[in-house]
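Undergrad: Sequences listed follow chains Y and E, in order.
Note that the numbering used here has the first sequence beginning at 1, numbered continuously upward.
Note that the numbering used here has the second sequence beginning at 277, numbered continuously upward.
Hints in this document: simulated from the structure, not taken from any laboratory.
Taking lysine to aspartate or glutamate and the DMTMM-like style, the derived pairs with C-alpha atoms no more than 20 Å apart in a straight line are: (1) E/LYS314 to Y/ASP217; (2) E/LYS314 to Y/ASP224; (3) E/LYS320 to Y/ASP224; (4) E/LYS314 to Y/ASP212; (5) E/LYS281 to E/GLU327; (6) E/LYS320 to E/ASP305; (7) E/LYS320 to E/GLU348; (8) E/LYS295 to Y/ASP212; (9) E/LYS336 to E/ASP294; (10) E/LYS349 to E/ASP305; (11) E/LYS314 to Y/ASP240; (12) Y/LYS225 to E/GLU348.
One-letter residues, chain by chain:
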Amino acid sequence: MLAALIIVFREVFEAGLIIGIVLAVTGSVPHRNRWIVGGVVAGTAAACVVAAFAGALSQLFAGMGQELFNAAILSVAVLMLTWHNVWMARHGREMAGEMRAVGQAVADGTKSLLALAVVVGVAVLREGSEVALFLYGIVASDGGSVASLAIGGITGLALGAAVCLLTYFGLMRIPPRALFATTTVLITLLAAGMAAQAVAFLERANWLTRLDTVVWDSAWLISDKSIAGRALHTLIGYTDQPTEMQLLVYVAVLLVTVILMRLTGSQQRDRAVATG
Amino acid sequence: MTYSKGQFQPSELSAPADKPIALRVKNLDAKAMEFESKSLRVEKVVAANSEGVINVRALKPGRYEFYDDFNEKARGALTVQ
Chain Y
1 MLAALIIVFR EVFEAGLIIG IVLAVTGSVP HRNRWIVGGV VAGTAAACVV AAFAGALSQL
61 FAGMGQELFN AAILSVAVLM LTWHNVWMAR HGREMAGEMR AVGQAVADGT KSLLALAVVV
121 GVAVLREGSE VALFLYGIVA SDGGSVASLA IGGITGLALG AAVCLLTYFG LMRIPPRALF
181 ATTTVLITLL AAGMAAQAVA FLERANWLTR LDTVVWDSAW LISDKSIAGR ALHTLIGYTD
241 QPTEMQLLVY VAVLLVTVIL MRLTGSQQRD RAVATG
Chain E
277 MTYSKGQFQP SELSAPADKP IALRVKNLDA KAMEFESKSL RVEKVVAANS EGVINVRALK
337 PGRYEFYDDF NEKARGALTV Q
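Bound conformation, chain E alone (with noise of 0.2 Å):
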């Protein structure tokens, strides 16, 4: 996933049920930004031009809505099936 120009990039993602993945966020932007989840229970910042790994459990199938804690605007899902 990339996120740049403040916007996510694709924004709807999806992921298998009862399996731990790991997302890997792209910052193109020259800002920092802070990927954050109140459903996933991830925050994480992830510096101007660089990547961050995020680790996310195992899930239950649902959606899961994550945004930029530094840009409200930036919002994407994560559907897991």
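In isolation and in its complexed conformation, chain Y is listed as follows (with noise of 0.2 Å):
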């Protein structure tokens, strides 16, 4: 629940920045209302079919296709969220100034409020269909129950709708750095712990069978099956029986992220250096 939560929250708190800042920007523009309800619309909808193609994907596969496709959308939801930080690192700070300049672009009539309607549309998107798979590859990783993902899923979208409005109410009130620093560390464990998950369900499949011998056994510390296991088995990946493998992937995804993340960040200093 905590890890669906903190997934629609982050993912849906940028779609919400983006449209806070085009609701704001575009206040005096008329019927901006029903283009920006139709982007999100939109993107909500492409979303949903992606999400659909993803359970219906599920049931086509037997045998150890359950485990091959846990695996596979675990490593798509690790490299997305990847992706997600890299991103972020490089964009994080370009954003709004980038939306606040479409949203100038369209009060001055130079573009149409169709090409703002796309931009949210893709934001909704990416997002929702983020969110689908990651919320896809919790249930795989941990199981949770549907009530659980769903009550995490909405409290995150509730939350992210409330940083949309805040946006648009208190326009960048909110210090976004300072979320995304945090949310960063959270969403890099959470990779390296899918990551490490992807690993178990290959191993079970018999795809890896390398370094395949159990590094400790913690169970009388914090059990896998106890709350407290559960927990951290959702933030960071924590398992009380470790392979070789899975720590060995583990620690590669929070160094690949690290290493991938110092190189687009110093090049986005290198730049304001040269533009300022």
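Two chains, each in its own frame: build the complex with the hints.
TA: In structure tokens, the structure reads:
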């Protein structure tokens, strides 16, 4: 539930940020609401198609298909989380500025409202389909019930909608950088944990048989079945009996994320220095 | 191995040590079940009226318990020797 809430909130936060700014900036443009709502509806519908497709896909497989599909979905989620972190490191600061420029262009009549609706639609589709994939990955990784998933998702959605309204009314009163720093750490650990979980699925499918020795058994300290174990499993990918391959992949994901974020972040700084 | 009316049949299995094995679970019930075992490190949902294959790594001799995570009354064990 917590993972669903964090992911949904994080994703909806971004779409909410864009929509909030778009709403505020286009305040004087006539008929802007129908375009923005249209963008949100189209983006949501497209995201639902992706989600439905993911569900149907899991029905198609038999035998080891369940394990392989779970591993694939988790891998996609890991890639998207990592890409997301790297993308935010590069564009986090630019984003607000870009959106404001597009809104200004619309107010000036140099771009049609359609362009802005498409920007909103694409933002919603990207975040929405990520949410659908991540939620599916979370169901696959910790077997969370539909009810707790729905509670987490709806709470995350409500919090995200609140952010959209706060952005609209307070126009960027929330310091997004502080929030991103915290969620970036959580997302990175979540990605590493999901990668380790994907390894476990591949091991069960007998696709990965190397380095499958259990390194330690810390069930006496925190069992996977305890509430603390479940919370840590969801947040940081804790497991009481990790295999060598799981640990290796976990550390690799952390390292790759840190290196990629450093690289793109320093490029951002260089550009800022060059232009500023 | 089959699963029907919320019970494993047979509930006691045996297998040779130090050899990877595969368990085939046939779920005859109208509800999905989840074959789970902490000591075997497996977890697998088997849909209603379908069959699931569970790969188990080479094991040391011992008794490994398993159960249905959706119905904890259904229990069984694999004895490795």
